[in-house]
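Trainee: For the protein sequence lines, the chains are A and B, in the order given.
With the first letter of the first sequence counted as 1, position 285 gets the number 309 in my numbering; the numbers rise by one all the way through.
With the first letter of the second sequence counted as 1, position 303 gets the number 327 in my numbering; the numbers rise by one all the way through.
You may find that some hints are simply not true.
Identical copies look the same in the list; a pair holds intra-copy or inter-copy alike.
Quick list of in silico lysine-lysine cross-link-like pairs, DSS-like style, CA-CA up to 27 Å [to be verified]:
1. Lys44 with Lys296
2. Lys56 with Lys42
3. Lys134 with Lys153
4. Lys340 with Lys153
5. Lys245 with Lys215
6. Lys42 with Lys76
7. Lys382 with Lys42
8. Lys56 with Lys153
It is worth saying that the hints were derived from the structure and are not from the lab.
Number of protein chains: 2
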Amino acid sequence: MTLIVQKYGGSSVADPDKIKNVAKRVIESRKKGYRVVVVVSALGNATDELIKLAHMMASRPSERELDVLISTGEQISSALLAMAIQELGYDAISFTGVQVGIVTDSLHTKAKILKIGGRRIEKALGEDKICIVAGFQGVDVNEDITTLGRGGSDITAVALAAVLGAQVCEIYTDVEGVYTADPRVVPDARKIDLLSYEEMFELASAGARVLESRSVEFAQKYQVPIHVRSSFSNKEGTRVMGEMSDLERVVVSGVTSQTDEAKVSVLKVPDKPGIAAKLFGAIAAEGIVVDMIIQNISEGGTTDVSFTVLQGDLSKTMEVSERIASEIGAEGVSADEDIAKVSIVGVGMRTHSGVAAKMFEVLAGEDINIEMISTSEIKVSCIIRQEDVECAVVALHRAFGLGG
Amino acid sequence: MTLIVQKYGGSSVADPDKIKNVAKRVIESRKKGYRVVVVVSALGNATDELIKLAHMMASRPSERELDVLISTGEQISSALLAMAIQELGYDAISFTGVQVGIVTDSLHTKAKILKIGGRRIEKALGEDKICIVAGFQGVDVNEDITTLGRGGSDITAVALAAVLGAQVCEIYTDVEGVYTADPRVVPDARKIDLLSYEEMFELASAGARVLESRSVEFAQKYQVPIHVRSSFSNKEGTRVMGEMSDLERVVVSGVTSQTDEAKVSVLKVPDKPGIAAKLFGAIAAEGIVVDMIIQNISEGGTTDVSFTVLQGDLSKTMEVSERIASEIGAEGVSADEDIAKVSIVGVGMRTHSGVAAKMFEVLAGEDINIEMISTSEIKVSCIIRQEDVECAVVALHRAFGLGG
Numbered sequence: 025m026t027l028i029v030q031k032y033g034g035s036s037v038a039d040p041d042k043i044k045n046v047a048k049r050v051i052e053s054r055k056k057g058y059r060v061v062v063v064v065s066a067l068g069n070a071t072d073e074l075i076k077l078a079h080m081m082a083s084r085p086s087e088r089e090l091d092v093l094i095s096t097g098e099q100i101s102s103a104l105l106a107m108a109i110q111e112l113g114y115d116a117i118s119f120t121g122v123q124v125g126i127v128t129d130s131l132h133t134k135a136k137i138l139k140i141g142g143r144r145i146e147k148a149l150g151e152d153k154i155c156i157v158a159g160f161q162g163v164d165v166n167e168d169i170t171t172l173g174r175g176g177s178d179i180t181a182v183a184l185a186a187v188l189g190a191q192v193c194e195i196y197t198d199v200e201g202v203y204t205a206d207p208r209v210v211p212d213a214r215k216i217d218l219l220s221y222e223e224m225f226e227l228a229s230a231g232a233r234v235l236e237s238r239s240v241e242f243a244q245k246y247q248v249p250i251h252v253r254s255s256f257s258n259k260e261g262t263r264v265m266g267e268m269s270d271l272e273r274v275v276v277s278g279v280t281s282q283t284d285e286a287k288v289s290v291l292k293v294p295d296k297p298g299i300a301a302k303l304f305g306a307i308a309a310e311g312i313v314v315d316m317i318i319q320n321i322s323e324g325g326t327t328d329v330s331f332t333v334l335q336g337d338l339s340k341t342m343e344v345s346e347r348i349a350s351e352i353g354a355e356g357v358s359a360d361e362d363i364a365k366v367s368i369v370g371v372g373m374r375t376h377s378g379v380a381a382k383m384f385e386v387l388a389g390e391d392i393n394i395e396m397i398s399t400s401e402i403k404v405s406c407i408i409r410q411e412d413v414e415c416a417v418v419a420l421h422r423a424f425g426l427g428g
Numbered sequence: 025m026t027l028i029v030q031k032y033g034g035s036s037v038a039d040p041d042k043i044k045n046v047a048k049r050v051i052e053s054r055k056k057g058y059r060v061v062v063v064v065s066a067l068g069n070a071t072d073e074l075i076k077l078a079h080m081m082a083s084r085p086s087e088r089e090l091d092v093l094i095s096t097g098e099q100i101s102s103a104l105l106a107m108a109i110q111e112l113g114y115d116a117i118s119f120t121g122v123q124v125g126i127v128t129d130s131l132h133t134k135a136k137i138l139k140i141g142g143r144r145i146e147k148a149l150g151e152d153k154i155c156i157v158a159g160f161q162g163v164d165v166n167e168d169i170t171t172l173g174r175g176g177s178d179i180t181a182v183a184l185a186a187v188l189g190a191q192v193c194e195i196y197t198d199v200e201g202v203y204t205a206d207p208r209v210v211p212d213a214r215k216i217d218l219l220s221y222e223e224m225f226e227l228a229s230a231g232a233r234v235l236e237s238r239s240v241e242f243a244q245k246y247q248v249p250i251h252v253r254s255s256f257s258n259k260e261g262t263r264v265m266g267e268m269s270d271l272e273r274v275v276v277s278g279v280t281s282q283t284d285e286a287k288v289s290v291l292k293v294p295d296k297p298g299i300a301a302k303l304f305g306a307i308a309a310e311g312i313v314v315d316m317i318i319q320n321i322s323e324g325g326t327t328d329v330s331f332t333v334l335q336g337d338l339s340k341t342m343e344v345s346e347r348i349a350s351e352i353g354a355e356g357v358s359a360d361e362d363i364a365k366v367s368i369v370g371v372g373m374r375t376h377s378g379v380a381a382k383m384f385e386v387l388a389g390e391d392i393n394i395e396m397i398s399t400s401e402i403k404v405s406c407i408i409r410q411e412d413v414e415c416a417v418v419a420l421h422r423a424f425g426l427g428g
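If we strip away everything but chain A, and leave its shape as in the complex, we get:
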């Protein structure tokens, strides 16, 4: 029997009625003859509520204990969904990350999956049970509970789909797929029917909130077809896959923006070899992901190094950067949270030149100053002032002809 993995996000299981709705959808797939493994996120904003509780206990709660705490969110929704499915007369069983054997490294709150046992799931599937897996969580070699960080439930779903050889990994969410831009900002934004892994990866990295980039990476590595769709309708969503021969090679497939990064600048760094390695090595050792990096041209033996990190990592980043700055004899460290990143993504960029130049021109035309630039084969990102971000997205969406 063909296996599909379905993942339901927090908005799809926000309350008892929505969980019952998910139960019905799962059973529909079962009735069509599929074996089904379901991965669930925590109910609505349950995770945020738990994090709020943690911060009432401690100014910087231990990350090991944070994982013990927040992993309960998915455990709760997995049990509730199993009950709802059973109530409709189908056999279902819930599993925690430990029970599934999702072994991760020990980097609490942002752990990486090392391997998945899957023995219990395979056994339960063999007994014709619908398997419900608590997303977002795993266990390290010490038997400590870990969580996978942002988009962790997506990663659980894709990884399970890969290990179990699922035909497709369906990601259910509260929108109908991936859009050419955020429809709340750009009213004529269109749903995209088909994306390559690379495009989806870049869109996700650049702020498309519908899917997390690590899960796309995983899907590409194991060639797991993804279908991003709405849990509230039966419409076809956005399919993400490797083979793109049929795809019309649009130059730009989407515009995204991100306002959750902060810019950190280490000022007047002595321009000597090994300095950057020392700084970014220390930051990486804390498990902090650095997005964009620029280093200005050296003046009088010193240089300014700027980079962006998630705002949530800012205080830790400042701590590390200030320590390293004083070790290496830099003048100081400054932080700026009022920035935004706007990006355009498209596989067509590979064969079309001048796309970046056109982007800069459009932003200039709106009088928007560009503070940092980063490019990949199929993406161009610019850091701008946060107040300019909506104007930039609308202008780029129009300029690249993405409207409906």
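Go by the hints and put chain B onto chain A.
Mentor: Below, chain B without anything else, positioned relative to chain A:
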């Protein structure tokens, strides 16, 4: 270093401020030079809220899934308490039932502890950490999460105290100890300073809500001294222990009542050997504990069998009883939830005769009808109408001279 185990109930960790208060108390013991293992219940009424959610999902939620669901309550409080202790500068670590190696049977929602590993706790204690254990939960041989039923956190605490060789198991609660009667019903009820395990066991079985009978049984078996006390004061509470030589042998040490039982009657049961075994065997197979049993004198070849169970077990009990009733050719089954049990407990009963007779006399004097009677060496219990229960407790408390 001497080890103590402390257990904090739901009312002691009902909100963030109370958890911080518990953190301070734990640290006080640490400062006195003790090694401390703390067992916590779920926050306030968190467990009830989760059970309510479950019943919104299914009319009779699967007990395996119920355990997955409600075990999160203690996991949350253990992580929060660990954070609060760390915030005050002490090293603490939380453990789930799985991590502690609390292995139980597979009787979900009322599992029994088979063995406790304790390896991780011993290691952490050796590293001078304060260990916080999520109470009420364990894991069966299939790695499924189980819960220990009512008073489960007390059982976790006493069992850990036994395994780890603790000097004392302190049970922190919202009252100052065990009382001669419920102070809300009997204003001049007194706190009892010292109780034997047997007395505490009978008081707990008979409705003293402060400690669960199974945990007292466990404490007696392993001779773990218990100290029931308030988490909001430093006053000496009630000590429960085996050696009672110093204890003034009062005839009756306390009066308790219970209104959470229901009476089930199987009517016109053919009076043949093996019938009772069949009925109560089937009920026990469902993990339902039967409290009192009476069988009337046989008339015309049939007899009525009445027994009491917890109201929470009533629907399941009715199901089983009706099935067995039809199998054995009984006339039918009736249920009555408007009953109450009133009990007197005291080690002095062993050597004083006439205590039961005096109890019946007191109830008769209040015009209260006795429907069922059960006695042990140190306890007499009567089932009466629920509306008479407060009157009965007040009258018995006065008649046996328990007032302050």
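Trainee: None of the hints should be skipped; say for each whether it holds.
Mentor: Okay, the hints, checked on the actual structure:
1. Lys44 with Lys296: Neither, since 61 Å and 49 Å both go past 27 Å.
2. Lys56 with Lys42: Classified as within; 21 Å inside a copy, 52 Å across copies.
3. Lys134 with Lys153: So Lys134 and Lys153 pass the 27 Å test across copies only (25 Å; inside, 31 Å).
4. Lys340 with Lys153: Between copies, since 25 Å is at most 27 Å while 44 Å is not.
5. Lys245 with Lys215: within (25 Å within a copy, 68 Å between copies)
6. Lys42 with Lys76: Answer is both: 24 Å inside a copy and 16 Å across each meet the 27 Å cutoff.
7. Lys382 with Lys42: neither (44 Å within a copy, 59 Å between copies)
8. Lys56 with Lys153: The answer is within: 15 Å in one copy meets 27 Å, while 53 Å across copies does not.
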